[in-house]
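Colleague: Given next are the chains, with one letter for each unit.
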Amino acid sequence: MTGKIFDFKLVFTQIPDLLKYLPITMELAIASTVFGMLLGLLIAIIKIKKVKVLDKLATFYVSLVRGTPVLVQLYIAYFGVPMLLKYINQQTGSDLKVAAIPGFVYAVLALGFNQSAFDAEVFRAALLSVDKGQHEAAAAIGMTGWQSLRRIIIPEALSVALPSLGNSFINAIKGTSLAFTCAVVEMTAEGKILSGRNYRYFEVYVSLAIIYWAITILFEKILKFVEKKISIPEQVEQISPEELESLRSPKSKAKAYAANHKRLGGELAWQKNRGLS
Amino acid sequence: MAEKQRFVIKDLKKKFNNNVVLDGIDLTINEGDVLGVIGPSGTGKSTLLRCINQLEVPESGSIEIGESQIDLSNAKKSNLKNVTQLRQRTGMVFQRFNLFQKKTALENVMEGLITVQKKSKEEAREIALKELDRVGMTQWANHYPKHLSGGQQQRVAIARVLAMKPDLILMDEPTSALDPELVGEVLETIKQLAEEGHTMILVSHEMAFIRKVATRCIFLDHGKIVEDGTPKEVFTAPKQERTRDFLRKMSLLEEPEYVI
Ligand SMILES: Nc1ncnc2c1ncn2[C@@H]1O[C@H](COP(=O)(O)OP(=O)(O)OP(=O)(O)O)[C@@H](O)[C@H]1O
Ligand SMILES: [Mg+2]
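Here the protein sequences line up with chains A and B, keeping their order.
Just so we're aligned: 162 in the numbering used here is position 162 of the first sequence, and the numbers increase by one with no gaps anywhere.
Just so we're aligned: 207 in the numbering used here is position 207 of the second sequence, and the numbers increase by one with no gaps anywhere.
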């Protein structure tokens with residue numbers, strides 16, 4: 001162990017080695033976020049609809065998950081699931097292979113459960129924030145509950161929920177650094193391995209910090225962009241007579257649309273999607 | 001032309017907890033009727049409309065539209081088709097407009113045509129533009145509700161109802177959430193609908209307006225129809241003391257010639 005106290009160059013030169021494991025980190029983050037959001041949405045709907053028994057269960061689950069550290073949850077998944085399988089094998093004489101389950105699955109489950117509790121509250125608040133009049137208007141024109149949820153309520157709730165869901169995703173990215181507990185080698189685990197070889201612990205963690213930070217900033221930017229994209233525009237100009245004409249007669253649509261497409265609101269953008277512009 | 005339709009509501013009863021709000025309403029509306037509904041606050045006017053299109057489920061009551069008869073008290077549980085059918089044949093204009101916030105005026109009008117009536121986008125757009133034109137809102141087709149004044153929003157809401165071609169239009173105080181200077185444009189639109197022969201139930205505190213456009217008027221009090229007649233009869237020569245009381249309080253009885 002000779003040389004510099006702090007190897008500044010190494011901080012940057014080893015970044016590419018660490019980035020090789022970025023795909024695993026992102027897969028973990030995306031898979032656990034998708035799983036967590038779906039479960040969270042389900043829990044939110046159960047709680048809002050006050051489904052018998054299930055809503056009590058959901059409340060208990062959310063409280064449990066929120067009240068325990070992720071690290072502990074990961075260990076419980078890692079040690080608990082094999083035990084559960086063993087028990088099932090014993091009871092039913094089946095032959096479920098514990099070893100066949102990759103560590104990745106435990107990590108996604110544990111990180112997903114962890115997120116679901118948070119997302120459930122986010123979805124619940126967002127769904128409840130949609131004005132009752134929106135439900136009634138949809139019902140009054142004959143839309144079914146499902147149609148109104150899908151076409152009216154969820155899009156409105158999503159705008160409200162998006163910032164928090166984005167945060168949840170960013171937390172998930174950082175949370176994946178704990179996946180080593182389930183024997184998954186992602187970026188941080190690879191860092192540990194690298195530093196075990198060259199003893200440059202501090203440098204490796206600084207490299208990791210830089211990478212996580214950069215990714216977080218990137219996703220914050222993407223999030224801002226998406227938020228803006230799905231929000232209602234601040235201002236819309238009145239439709240000009242030509243634009244109106246183009247709406248009325250499909251043939252002249254294309255021309256006028258191309259000329260004016262920046263000025264038009266949502267429905268009109270549809271023409272573009274259909275390749276008419 | 002087909003035979004004239006009638007809407008027959010029978011024995012409509014609704015209570016919230018122990019609060020009896022509708023106490024046996026029997027009402028027949030003929031096609032082309034514009035039925036004005038007046039009455040003190042909290043007397044069940046909104047509830048009456050909301051039971052008709054099943055936003056509330058009453059304890060008892062039925063509605064007959066043409067050949068079909070629907071049990072309002074359990075249509076929902078026994079037959080989803082009935083509820084949907086009923087809602088397709090009625091349209092509702094809300095006090096607070098309730099336009100879909102994340103949709104443009106045009107999309108608001110198109111929504112039901114596409115999701116409920118399964119029309120193609122092209123056809124839905126064509127119909128929607130025509131209806132927006134009728135309420136004078138085509139220029140604002142690409143605007144979102146938050147860009148529109150209350151009066152404009154309500155006109156779009158009316159276009160949204162008209163586009164569905166309902167047999168019966170339910171209006172619950174369509175102007176009472178509006179700034180005074182915006183009331184006129186909406187009343188004008190409603191008057192136009194009345195002249196076109198749409199069948200409507202109009203709950204409103206705009207007595208003078210009801211007098212002018214309604215073909216018939218009922219006075220509702222404590223969940224019962226107290227007075228039923230032509231607007232002229234109800235406003236100038238009410239038979240019941242309760243009606244006279246109400247009109248006196250509204251200071252309308254002494255001014256039979258009061259018109260907007
Ligand atoms: N969802 C509800 N739960 C409990 N009570 C209700 C509910 N909706 C209405 N009510 C009660 O029913 C009664 C009638 O209400 P409704 O809204 O039909 O009156 P209204 O005649 O439309 O009054 P207004 O002129 O003020 O609009 C009121 O006493 C009201 O408090
Ligand atoms: Mg009311």
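Derived by calculation from the structure, the hints in this document are not laboratory data.
We treat Cβ as the ideally placed atom computed from N, Cα and C, and that holds for glycine.
Heads up, a few of these hints could be off.
[To be verified] DSS-like mimics (lysine-lysine), calculated; alpha carbons at most 25 angstroms apart, straight line:
| id | chain 1 | residue 1 | chain 2 | residue 2 |
| --- | --- | --- | --- | --- |
| 1 | A | 132 | B | 81 |
| 2 | B | 239 | A | 132 |
| 3 | B | 121 | B | 165 |
| 4 | B | 119 | B | 130 |
| 5 | B | 121 | A | 49 |
| 6 | A | 228 | B | 15 |
| 7 | B | 239 | B | 212 |
| 8 | B | 146 | B | 130 |
| 9 | B | 239 | A | 50 |
[Claimed, not checked] Derived, one-sided and incomplete: chain A residues facing chain B with beta-carbon distance under 10 angstroms:
| id | residue |
| --- | --- |
| 10 | 132 |
| 11 | 140 |
| 12 | 192 |
Colleague: Can you confirm whether the C-alpha distance between residue 239 of chain B and residue 50 of chain A stays at or below 25 angstroms?
Modeller: violated (49 angstroms)
Colleague: Is the straight-line distance between the alpha-carbon of residue 121 of chain B and that of residue 165 of chain B 25 angstroms or less?
Modeller: holds (17 angstroms)
Colleague: For the pair supplied as a hint, residue 119 of chain B and residue 130 of chain B, is the alpha-carbon distance within the 25 angstroms limit?
Modeller: holds (15 angstroms)
Colleague: Would the hint on residue 192 of chain A stand, with a C-beta cut-off of 10 angstroms toward chain B?
Modeller: violated (47 angstroms)
Colleague: Under 10 angstroms, Cβ to Cβ, is where residue 140 of chain A needs to be relative to chain B, so tell me if that hint holds or is violated.
Modeller: holds (4 angstroms)
Colleague: Grab the minimum C-beta distance from residue 132 of chain A to chain B and call the hint holds if it beats 10 angstroms, violated otherwise.
Modeller: holds (9 angstroms)
Colleague: Is residue 239 of chain B within 25 angstroms of residue 212 of chain B, Cα to Cα?
Modeller: holds (20 angstroms)
Colleague: Would the hint linking residue 146 of chain B and residue 130 of chain B be met if the CA-CA limit is 25 angstroms?
Modeller: At roughly 22 angstroms apart (the allowed maximum being 25 angstroms), residue 130 of chain B and residue 146 of chain B satisfy the hint.
Colleague: Given the hint that residue 228 of chain A pairs with residue 15 of chain B, test it: the Cα-Cα distance must not exceed 25 angstroms.
Modeller: Roughly 46 angstroms separates the two Cα atoms, so the pair is violated.
Colleague: Hint check: residue 239 of chain B vs residue 132 of chain A, CA-CA at most 25 angstroms. Holds or violated?
Modeller: Outside the cut-off at roughly 39 angstroms; violated.
Colleague: So if I understand the rule, the pair passes when the alpha-carbon distance is 25 angstroms or less; does residue 121 of chain B with residue 49 of chain A pass?
Modeller: violated (33 angstroms)
Colleague: Does residue 81 of chain B sit within 25 angstroms of residue 132 of chain A, going by the straight-line distance between their CA atoms?
Modeller: holds (23 angstroms)
Violated hints, listed in ascending order, are 2, 5, 6, 9, 12; each of the other numbered hints is respected by the structure.
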